[in-house]
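Novice: One-letter residues, chain by chain:
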Amino acid sequence: MKWDWNAVGDFMPHFWDGVLVTLQALALGSLISFALGLVWALLMRTPSRWVRWPVGVVTEFVRNTPLLVQLFFLFYVMPEWGLTLSALTTGVIGIGLHYSTYTMQVYRAGIEAVPAGQWEAATALNLPRFRTWQVVILPQAIRRVVPALGNYVIAMLKDTPMLMAITVLEMLGQARLFSQQHFQFTEPITVIGVAFIVISYLASLLLRALERRLVH
Amino acid sequence: MTSGLWELVLKGIWVTVQLLVFSSLVAAAVSFVVGVARTHRLWIIRFLAGFYTEVFRGTSALIMIFWVYFVLPLAFGWQLVPLWAGTLALGLTYGAYGSEIVRGALGAVDPAQKEGGIALSFTPWQRMRLILLPQAVPEMIPPFSNLLIELLKGTALVSIIGMGDLTFSANLVRLALQQSAEIYTYILLIYFVIAFLLTRVMRGLEKKLKAGVGKAPERRTVTEPGPVSAGVGAGIGGGS
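Read top to bottom, the protein sequences are chains A and B.
Residues 1 to 216 in my numbering are what the first sequence lists, from first letter to last.
Residues 1 to 240 in my numbering are what the second sequence lists, from first letter to last.
None of these hints come from the bench; they were simulated from the model.
Any given hint could turn out to be false.
[Unchecked claim] Each pair of labels, with its calculated beta carbon distance range:
hint : chain 1 : residue 1 : chain 2 : residue 2 : range
1    : A       : 125       : B       : 205       : 42 to 52 Å
2    : B       : 1         : A       : 13        : 20 to 30 Å
3    : B       : 197       : A       : 129       : 35 to 45 Å
4    : A       : 56        : B       : 43        : 42 to 52 Å
5    : A       : 89        : B       : 193       : 28 to 38 Å
6    : A       : 43        : B       : 126       : 31 to 41 Å
[Stated by the list, open to error] Below, computed lysine to any residue pairings styled on SDA-like, alpha-carbon distance capped at 25 Å:
hint : chain 1 : residue 1 : chain 2 : residue 2
7    : A       : 2         : B       : 207
8    : A       : 2         : A       : 14
9    : A       : 2         : A       : 166
10   : A       : 2         : B       : 11
11   : A       : 2         : B       : 210
12   : A       : 2         : B       : 78
13   : A       : 2         : B       : 79
14   : B       : 207       : B       : 88
15   : B       : 210       : B       : 133
16   : A       : 2         : B       : 161
17   : B       : 207       : A       : 60
18   : B       : 11        : A       : 76
19   : B       : 207       : B       : 146
20   : B       : 11        : A       : 14
21   : A       : 2         : B       : 71
Just so you know, even glycine gets a beta-carbon here, dropped at the ideal spot from N, CA and C.
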């Protein structure tokens, strides 16, 4: 096994470009999945089954099919329908949509964990439905689920390399480009592998600290 | 779509199924070995198993596939056939997630059961085989069923290194027809059907195993965990 530190040095500028794109995709993807997941979770609680049923089917479908194929779908089919977006935007939408079907379950669990007394108190105080959700239920539900949402951010981080397949130059994309140009595969791919372990380990430490602060 | 193109898709399904079967076998073996090792009484074995879990959960499955496919041949001279490269990478990665399930289920067995085994002077291996595992395995099935779906979704990744699985066949059809809506819709539906069948099979298995230890299967609560974080104790099936 031969290891060339010069190649690592040459790769570093590209590596940082890649890190930047990865973190960008991660941040935007998380925002979309948090917002959309909440929308799904609320829609699943509407009394009408004509809303619940389609939402349930669609989210189940998205959750049980590969993110990679969904990305291809968005990337190749949306232009056919006359909607051309940049590769990064497409990727962010794909990741956000895919993970919103997971965060939806997290919100659901959080909402169900709010004690029934809170609902009854809101009724007793004659709070309108919207205010009940806004100031009573959601603040308590969301506080409880922040650690679980954080887990999904880390899961999302580990799915960002898929964006390479739709030509986004994130970490793995940069590594592959560099390997093909310089015929050095070992160093760039190992570097980003280690970088992923480090980033997700740091993120999990951060998350544990957050969990301690929120839960107690 | 012409019949020739459908044939391509069928071949893709076959490769995906093969990959799914092989890598789930590897993942199951890894999860049991590593999961049981994490309850071992020697600290060094616990530490090594924990280290393995952290490393393989910490990195991305796609990067593992790239590493096995591109770096192993150059660095160590082991050239693997794409099918085995994919199997190895997916099996090792998802095995690390599975080991958390095994560890969690073993930890959830009533401590009195273990003490009973000690009182009857069973060896550690007999305790594991005759007391702990028969009670822990049925509890593992629902989280393993979720993990199997994740693994199915993970198999799509091998198309990026050029293996002719279902996703790869979709890309070929797209190039041939110059239109994508139809074929990608079909492919998504096929994946969904496979996932649905897998859930059914696993549910039947759960029923059978639970009947074996005299328990009725619980009502399913749908908390679908993704390939969750490195480090955080929760992990798959922890349902934090």
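Novice: Compare the structure with each hint and give your call.
Specialist: Going through the hints against the structure:
Distance hint for residue 125 (chain A) and residue 205 (chain B): a CB-CB separation of about 49 Å, consistent with the stated range 42 to 52 Å. Range check, residue 1 (chain B) to residue 13 (chain A): about 45 Å between beta-carbon atoms, so the 20 to 30 Å window is missed. The hint said 35 to 45 Å for the Cβ distance between residue 197 (chain B) and residue 129 (chain A), and at roughly 41 Å that hint holds. The hinted range of 42 to 52 Å is satisfied by residue 56 (chain A) and residue 43 (chain B), whose Cβ atoms lie roughly 47 Å apart.
A C-beta distance of roughly 30 Å is found between residue 89 (chain A) and residue 193 (chain B), which places it inside the suggested range of 28 to 38 Å. The beta-carbon spacing between residue 43 (chain A) and residue 126 (chain B), approximately 53 Å, falls outside the hinted interval of 31 to 41 Å. With a C-alpha separation of about 52 Å, the suggested pair residue 2 (chain A) and residue 207 (chain B) falls outside the 25 Å cut-off, and the hint is violated. Of the pairs offered as hints, the one joining residue 2 (chain A) and residue 14 (chain A) holds, with about 22 Å between alpha carbons and a cut-off of 25 Å not exceeded.
A hinted pair counts as satisfied when its Cα atoms are at most 25 Å apart, and residue 2 (chain A) with residue 166 (chain A) does not qualify at roughly 32 Å. For the hint pairing residue 2 (chain A) with residue 11 (chain B), the CA-to-CA distance comes to about 38 Å; that exceeds 25 Å, so the pair is violated. Restraint check for residue 2 (chain A) and residue 210 (chain B): not satisfied, since their Cα atoms lie roughly 52 Å apart, outside the 25 Å limit. Taking the CA atoms of residue 2 (chain A) and residue 78 (chain B), the gap is near 14 Å; set against the 25 Å cutoff, the hint holds.
About 16 Å separates the Cα atoms of residue 2 (chain A) and residue 79 (chain B), which keeps this hinted pair within 25 Å; it holds. In summary, the hint linking residue 207 (chain B) to residue 88 (chain B) is not supported, as the alpha carbons are separated by about 30 Å, beyond the 25 Å threshold. For the hint pairing residue 210 (chain B) with residue 133 (chain B), the CA-to-CA distance comes to about 13 Å; that is within 25 Å, so the pair holds. Only pairs whose Cα atoms come within 25 Å are accepted, and residue 2 (chain A) paired with residue 161 (chain B) is accepted, the gap being roughly 23 Å.
A hinted pair counts as satisfied when its Cα atoms are at most 25 Å apart, and residue 207 (chain B) with residue 60 (chain A) qualifies at roughly 23 Å. Distance check on the hinted pair: residue 11 (chain B) and residue 76 (chain A) sit about 23 Å apart at the alpha-carbon level, within 25 Å; holds. Restraint check for residue 207 (chain B) and residue 146 (chain B): the C-alpha separation of about 16 Å stays at or below 25 Å, so the hint holds. For the hint linking residue 11 (chain B) to residue 14 (chain A), the alpha-carbon distance of about 38 Å lies beyond 25 Å, and the restraint is violated.
With a C-alpha separation of about 11 Å, the suggested pair residue 2 (chain A) and residue 71 (chain B) falls inside the 25 Å cut-off, and the hint holds.
Checked against the numbered hints listed earlier, the structure breaks hints 2, 6, 7, 9, 10, 11, 14, 20; every other hint is satisfied.
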